[in-house]
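**Student:** Residues per chain are reported as follows:
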Amino acid sequence: MMRLVLCATILSGAVLAAQPPIPTDGWPTYNGDYSGRRFSTLTTINAGNVKHLGLAWSYRLGVPGSGPIKGTPLMVNGVLYLTAPDHVWAVDARTGREIWHFANESTGGIHIGNRGAAIKGDRLYVETPDCHLVSLNVKDGKERWRQSICNLDQFYYSSVAPIVVGNHVIAGVSGDDLDVPGYVEARDPETGAFQWRWYVVPQNPGDAGIESWPSLEAARHGGGMTWQPVTYDPDLNLIYLTTGNPQPVVANVNRKGNNLFTASIVAINPDDGKMRWYFQSSPHDTHDWDATQTPVLLDADVNGEPRKLLAQASRNGKFFLLDRTNGKALVSSEFVPTNWSLGFSERGEPIPNPAKEPQVAGALVTPNQGGATNWPPPTFSPMTGLFYVSAARAYSVWYIYDPGQNPQGWGGTDRGGWSEYMLQAVDYKTGKVRWSHKWEGGGLSGLLSTAGNLVFSGDGSGGNIVALDATTGTPLWHAGLRSSVSNGPITYTLDGLQYVVVGAGDTLWSFVLNE
Amino acid sequence: MIRTRRTVQLLAGAAFAVALGAGVGAQRPSPPRQRPVPRGATPATKPAGADTGEATARRLCSLCHPFENIVAIRRTRAQWEATVENMISRGARGTSAEFATVVDYLSAAYALEGSTVRGAAGPDDKPLVDPKASEIAKPLWTSDCQLCHGADARGTDRGPNLVRSALVLGDRYGSTIGPYLRTKHAALPSGKKIELTDTQVLLLAHFLRDRVNDTLRGSPLFKPGDILVGDAKAGAAYFDGEGRCGQCHSPSGDLKGIATRLDPVGMQQRLLFPSNAGARRRTTAAPVVTVTVTRENGETIAGELVHMDDFYVSLRDASGAYRTVRRAPGVRVEKHDPFAAHVDLLSRITDTQIHDLVAYLETLK
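Chains as they are written, first to last, in this note's numbering: chain A, 9 to 523; chain B, 219 to 583.
Source of the hints: derived by calculation from the structure; they are not laboratory data. Even glycine gets a Cβ: it sits at the ideal position worked out from N, Cα and C. Take these hints with a grain of salt, some might be off.
[What the hints assert, rightly or not] In silico DSSO-like links for lysine-lysine, alpha-carbon gap of 30 angstroms or less: (1) A:K440 to B:K356; (2) A:K264 to B:K441; (3) A:K336 to A:K282; (4) A:K364 to B:K356; (5) B:K451 to B:K350; (6) A:K364 to A:K440; (7) B:K356 to B:K411; (8) B:K474 to B:K441; (9) A:K59 to A:K446; (10) B:K441 to A:K59; (11) A:K364 to A:K264; (12) A:K128 to A:K147; (13) B:K441 to A:K364; (14) A:K128 to A:K59; (15) A:K364 to A:K336; (16) A:K282 to A:K264; (17) A:K446 to B:K553; (18) B:K583 to B:K474.
[Unchecked claim] So the derived list for chain A, only partly shown, Cβ under 7 angstroms to chain B, looks like this: (19) P28; (20) D161; (21) D187; (22) G378; (23) G450; (24) N472; (25) T515.
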């Protein structure tokens, strides 16, 4: 059933460091760098001394109800920039003292989470739930401009961390209540002026992908939200965008077909907004499994030749390794067992099993709606060659609630369930799980790996931040944080001290070595 | 400056006045866009025990979501139960009693019935639907609109889907559909010219927003259909045979009359996911997970599991005392899950077998 598209033996173990690494004295973008690896070259804290890690400071959000912290903070020039829906805080990265606080006066939108900010020079960019991209002064948090990037009346909202690429602020949009199209926009960093918009689903006759929809009407309302930040290869000058599930989400009789380019990884030129290639992680998704998990860029030798690769552990439980110059799949596998597909196509894309689509009487499916993983960011260590992903093995029953011929919105959902959670270390060369560490508590966590041979992860509802040996998965250190880890941990150095900073509930916690 | 929120109480009373009141005339078909309007609506009156319920709900739910976001969608009791069950499967932690308290509180304080606004998404000035206005509009809709736009306003071969119409979604009490109907809409297929009073436009606006709300997850239509599609005889055979259900359960014992206590969906959920506290909350106290901890010196401690992670295990022993043991090297922990057989079933049972089993259980009245 499971098929490895390319024999693993042609992939050698060497991982090249072609991507510029995360600067050791900061964390300037959502993933630390453009590659999405969340791997730090810092070694001050390492597997030998991590047991001495202790509290440096904690910072509790000053606005009740604005947590949990789901965004990854940036750290630039000794200052952390932390976000929540409608809020940005600048916090001293050495001491945890608040420097300034920006609060947006909202006009609506869902306030469920904000993934973070972007910074270019002395300007900061953040999305607010009421469909705005807002630019602030880094030094004092004063608003410079705001631009509307979506329509609240159509139930869009904004939660995505923008990414600055050259002279473009790349901003995605959110929302999955009504049947509206997903898109990504580029805006001018100086003025916020519109540059281009790329629609995930066809909007006009003749648009690419239209053949994968039963009608233009279905395509134009086909969803595919751009929930997560892009990654970027400066050499190829391509951004890698991931797209959300199609609409209507569950009942799908009126959108038969693969529903391009939903639930896909898409390469786009940031200067012209044109698509170069796509790979569909979930053709004709019917389970709310967006494919917006980080497209991690890594470079490795294949058959003695350096190759530019892209890896994704997708919400549907599948792991993909692609050639990022052309989108061709090299490896397709599973990082947890699933029961919804009938193997992989020639393109390396999963073939959904129609019997496991939602049914009126219910279909028992794994994973559940939450997915085998979700938005909490994974990490890739070029030292170990392992792709680490916070994972769930979860079952639920999927129902069609609207059996009519023209369902809208969701038209069904899943219900109930059983689940267990684990940290999976996937060998990127084979797509096989090298080691798995099961957590007693439930819930996913963002991850960080370092050259100190460490992986940092939350342990679900255990409420701990845990450092594990990156090679073996053995837990080496932990600290109880009162709440589950709710974002991706980051690390940086200041004054020779290496800090590890993580969000849990409404509090940001900072750790250093006690020496 | 943080957004303030008006309450549903304020608006619920005002809604019908807006719809049909004296102020509705040629001069004022559309109230000005007001903001902010109630997302995360505050309950009009606090039900008994609400303080405990609210505190528990906030404590359990706020770990992952801003509480105001959760309650922005009003739901029926069944919908709240399903929502809580889903959250349990996604890692929400609490006791069965706590989850029961949360369901009771949310079902009372954030009930769907009587709600005038649905859905968490959209602008703060989302139009409120007056159910009476929507109902009054039905004859007009049926006679003049339904032929082309369908009974549910989702369109036909003759006319477009209005639920997905940007014009309709941007409308506030007739503000955009009124001018459109009067100046741009073609004559009806019968040849009849569209001539609507302001009140009729307002009624249609309520009707259309009601149809938009029907498509949302908080809609009263958002519920399972008939799941009794299995073969009861085959289900009985599975019960005693491959399913090995009879090893622990008996149709004349613990399952006697199960179909009078649980609906089919409830039975289906419970047989697959009995450990989900939300799924079993309506019946008697459920079995609990227990642990036996053996220390390095051979001493054993046993009891009901309270919490366990990689580093500590906490339990309540037979005397009711709370004990925590560090999971140092040499400490052994044995976990006893009373639902292990059901977990094992998940990777074996087919959908047909599930449907047959539910059909069989439905015969146990």
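**Student:** A:K128 and A:K59 were given as a pair; does the straight-line alpha-carbon distance stay at or below 30 angstroms?
**Tutor:** Measuring from Cα to Cα gives roughly 36 angstroms; hence the hint is violated.
**Student:** Do the alpha carbons of A:K364 and B:K356 lie within 30 angstroms of each other, as the hint requires?
**Tutor:** Since the Cα atoms of A:K364 and B:K356 sit roughly 38 angstroms apart, the hinted pair is violated (cutoff 30 angstroms).
**Student:** Starting from B:K441, check that the Cα of A:K364 is at most 30 angstroms away, please.
**Tutor:** 19 angstroms, holds
**Student:** If you draw a straight line from the CA of B:K451 to the CA of B:K350, is it 30 angstroms or shorter?
**Tutor:** Violated, at roughly 47 angstroms.
**Student:** Against chain B, with CB atoms and a cut of 7 angstroms, does the hint on A:D161 hold up?
**Tutor:** 5 angstroms, holds
**Student:** Mind checking the CB of A:D187 against every CB in chain B and telling me if the closest is under 7 angstroms?
**Tutor:** Nearest chain B Cβ about 6 angstroms off; hint holds.
**Student:** Run the distance test for B:K441 versus A:K59: straight-line Cα separation, threshold 30 angstroms.
**Tutor:** 51 angstroms, violated
**Student:** Quick check on the hint: A:T515 CB to chain B CB, less than 7 angstroms?
**Tutor:** Constraint on A:T515 not satisfied, violated at 12 angstroms.
**Student:** Given the hinted pair A:K364 and A:K440, is their Cα-Cα distance within 30 angstroms?
**Tutor:** Given pair A:K364, A:K440 holds - Cα atoms ~24 angstroms apart, limit 30 angstroms.
**Student:** Keeping to a limit of 30 angstroms between CA atoms, is the pair of A:K364 and A:K264 held or broken?
**Tutor:** Within the cut-off at roughly 15 angstroms; holds.
**Student:** Need the status of pair B:K474, B:K441: alpha-carbon distance at most 30 angstroms?
**Tutor:** With Cα atoms ~27 angstroms apart, B:K474 and B:K441 stay inside 30 angstroms; holds.
**Student:** Are A:K446 and B:K553 close enough, with their CA atoms no more than 30 angstroms apart?
**Tutor:** Roughly 14 angstroms between the alpha carbons, so the hint for A:K446 and B:K553 holds.
This entry does not satisfy hints 1, 4, 5, 10, 14, 19 and 25, going by the numbered hints stated previously.
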